[in-house]
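J.: Line by line, the protein sequences give chains A and B.
Numbered per the working numbering, the first sequence spans residues 7 to 120.
Numbered per the working numbering, the second sequence spans residues 107 to 220.
I should point out that these hints are in silico values taken from the structure, not numbers from a laboratory.
Be careful, since some hints might not be right.
To be verified - Chain A stretches covered by chain B per the calculated footprint, using a threshold of three residues with CB under 8 Å from any CB of chain B:
| # | stretch |
| --- | --- |
| 1 | 16-29 |
| 2 | 40-51 |
Unchecked claim - If you want the ones that stay clear, here's a sample from chain A, every Cβ over 10 Å from chain B, calculated:
| # | residue |
| --- | --- |
| 3 | S32 |
| 4 | D33 |
| 5 | G35 |
| 6 | S55 |
| 7 | G60 |
| 8 | E63 |
| 9 | D64 |
| 10 | N72 |
| 11 | K73 |
| 12 | Y77 |
| 13 | R83 |
| 14 | D84 |
| 15 | P87 |
| 16 | D89 |
| 17 | S90 |
Model, not experiment: these values are computed from the prediction.
A virtual CB, placed ideally from N, CA and C, is assigned to each residue, including glycine.
The lines below spell out each chain.
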Amino acid sequence: QKEVEQNSGPLSVPEGAIASLNCTYSDRGSQSFFWYRQYSGKSPELIMSIYSNGDKEDGRFTAQLNKASQYVSLLIRDSQPSDSATYLCAGGDHGSSNTGKLIFGQGTTLQVKP
Amino acid sequence: ETGVTQSPTHLIKTRGQQVTLRCSSQSGHNTVSWYQQALGQGPQFIFQYYREEENGRGNFPPRFSGLQFPNYSSELNVNALELDDSALYLCASRLDRGNSYEQYFGPGTRLTVT
């Protein structure tokens with residue numbers, strides 16, 4: 007059974023701090039990883055995708071992937087109260103149009119306190 | 107704004123009934139996936155359609171079925187509804203970018219089975 011594991015939290019950080027969200031996966035065949043943000047009552051919103059080992063930065067967000075350790079993380083710099091949401095980590099097959107199934111973790115709830 | 111729309115927004119059905127949920131994705135997005143998200147959980151993959159054919163299925167019984175149409179719309183049909191089918195149903199439209207891809211979710215349909 008392919009799994010993606012996340013700590014459900016809540017993770018509480020003060021405004022302006024760095025929030026670190028972590029995820030592990032069991033399927034070594036997974037090639038692509040995604041972070042989604044989901045506000046309460048809303049659908050998931052894609053924040054970042056990462057395919058290669060290392061870091062990928064986009065604004066205040068940095069995704070990190072370590073395939074040897076089967077570990078994915080998301081760092082949010084200068085956290086704002088508006089970042090308070092559930093963050094979903096997902097692993098997927100790579101590339102071809104006849105794959106692409108995403109396996110999601112249960113999500114980590116982030117609370118940013120003013 | 108992902109360009110993915112779903113209808114209806116909310117739906118209440120009785121156990122044993124049948125339901126059809128609809129999704130419209132962006133032009134050029136040939137792959138559509140459907141996910142079920144129970145409260146407090148990550149989305150679970152139901153199935154995927156590519157060019158009007160099902161090409162991937164998760165651990166859901168045959169009473170969950172779907173269709174994809176040439177105009178980038180799709181349907182999820184659920185027969186013989188059970189109480190546990192109560193969930194948020196998400197349609198995801200896939201954009202392929204060479205060797206990578208991204209999936210964008212619609213706003214979802216909240217189904218309640220009583």
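J.: Are the hints correct? Go through all of them and say.
T.: Now for the hints, and whether the structure bears them out:
Under a criterion of three residues with beta carbons nearer than 8 Å to beta carbons of chain B, the stated coverage of the stretch 16-29 of chain A fails, only 0 such residues being counted. Note: the stretch 40-51 of chain A has 6 residues with beta-carbon separation from chain B under 8 Å; the three-residue rule is met and the coverage holds. Residue-level check passed: S32 of chain A sits 14 Å from the nearest beta carbon of chain B, beyond 10 Å. Against the 10 Å criterion, D33 of chain A stays outside the reach of chain B, whose nearest CB is about 13 Å from its own CB.
Non-interface status of G35 of chain A relative to chain B is upheld: no Cβ of that chain comes within 10 Å, the nearest being about 14 Å off. For S55 of chain A, the shortest C-beta to C-beta distance to chain B comes to about 6 Å, within the 10 Å cut-off, and the non-interface label is violated. Here G60 of chain A stays apart from chain B, with its beta-carbon at least about 15 Å from theirs, past the 10 Å limit. Separation of E63 of chain A from chain B is adequate, the least Cβ-Cβ distance of about 17 Å exceeding the 10 Å criterion.
Consistency note on D64 of chain A: stated as away from chain B, and its beta-carbon is indeed over 10 Å from all of that chain's, at 13 Å minimum. Residue-level check passed: N72 of chain A sits 19 Å from the nearest beta carbon of chain B, beyond 10 Å. Distance check on K73 of chain A: its Cβ is at least 16 Å (rounded) from any Cβ of chain B, clearing the 10 Å threshold; non-interface status holds. Under the 10 Å C-beta cut-off, the non-interface status given to Y77 of chain A relative to chain B holds; the minimum distance is some 17 Å.
No beta-carbon of chain B comes within 10 Å of the beta-carbon of R83 of chain A; the shortest separation is about 23 Å. Every C-beta of chain B lies more than 10 Å from that of D84 of chain A, the closest at about 25 Å, which supports listing it as non-interface. In this structure P87 of chain A is separated from chain B by more than 10 Å, as the shortest Cβ-Cβ distance comes to about 22 Å. The Cβ of D89 of chain A sits about 19 Å from the closest Cβ of chain B, beyond the 10 Å cut-off, so the non-interface label holds.
At the 10 Å boundary, the C-beta of S90 of chain A stays outside the reach of chain B, the nearest C-beta of that chain being 17 Å off.
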